[in-house]
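**Student:** Protein chains in written order, with the working numbering: chain R, 4 to 145; chain E, 4 to 145.
Keep in mind that a hint or two might mislead.
As the list makes no split between identical chains, a pair holds if one copy fits it or if it spans any two.
[To be verified] With a Cα cut of at most 30 Å, we get these calculated DSS-like pairs of lysine-lysine:
1) LYS51 / LYS70
2) LYS27 / LYS51
3) LYS70 / LYS27
No lab work stands behind these hints, which were simulated from the structure alone.
The residues making up each chain are set out below.
2 protein chains.
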Amino acid sequence: MAHHSIDCELCSGAGGEIVHRTEKFRVVLVDDALYPGFCRVIWNDHIKEMTDLPVPDRSTLMAAVCKVEAVVRAVMRPEKINLASLGNMTPHLHWHVIPRYADDAHFPSPVWADAQRQPAPSALEQRQALLGRLRTAISEQF
Amino acid sequence: MAHHSIDCELCSGAGGEIVHRTEKFRVVLVDDALYPGFCRVIWNDHIKEMTDLPVPDRSTLMAAVCKVEAVVRAVMRPEKINLASLGNMTPHLHWHVIPRYADDAHFPSPVWADAQRQPAPSALEQRQALLGRLRTAISEQF
Chain R
4 MAHHSIDCEL CSGAGGEIVH RTEKFRVVLV DDALYPGFCR VIWNDHIKEM TDLPVPDRST
64 LMAAVCKVEA VVRAVMRPEK INLASLGNMT PHLHWHVIPR YADDAHFPSP VWADAQRQPA
124 PSALEQRQAL LGRLRTAISE QF
Chain E
4 MAHHSIDCEL CSGAGGEIVH RTEKFRVVLV DDALYPGFCR VIWNDHIKEM TDLPVPDRST
64 LMAAVCKVEA VVRAVMRPEK INLASLGNMT PHLHWHVIPR YADDAHFPSP VWADAQRQPA
124 PSALEQRQAL LGRLRTAISE QF
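Sequences are here, hints too, so could you generate the full structure?
**Tutor:** Have a look at this one:
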């Protein structure tokens, strides 16, 4: 049986543009002007922590996160991948998969720290131009 | 064969107080005055990304991260667990396992954002007092 919370934005909304959806989780593309290619893997049920999931579901979710990481690396060619499950504001299990570049707004700080610079529009446009390939590659990967 | 990088602080140093060590990874307690109970799970070899690991090693590492999460939840009783693998400055695979509380320095923001408040010394002391139990519980869990 699915568990949902009436006040949770990841229960009431998709959390981004859905590129792949299974019974248990969905992969969304985040609309973040500074971070083209930022994806989230969101567990469909309203579960708070990784260790609230049965062990097989943890493996299912992390395998999905790793699939998304692999595709983001292949298509977006970032300097580094950042993975995080935080959920302090939205305690509904979701993983951020963020492609990072030496010239991005916060590098080498986390994206939640103060910005270090204004990224060059041309660099952001180049990354935006890859999103069509990223959508296709994610849906093909699953 | 182990892979090491001469300039990497997680190759040359432990990265914290070691509470458990296996051939493949180690669990360390981070000395952070604002975040008692902050742990890291560090892959011993100099590997950059999760998807640079063979699939069985990814499972080994995430199972360890989840074990640490479970123990930190049981002993430290946080409001939320934050998990993250960033590595922009130190591209050597390591997971942050951070117990978060509604009255901590940054809640509900990530710990890398601007501080929201000065935590009460009594709250930090209470959490510091649990570290002995945390060390024991982690080493018993593996």
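**Student:** Which numbered hints turn out to be false for this structure?
**Tutor:** none
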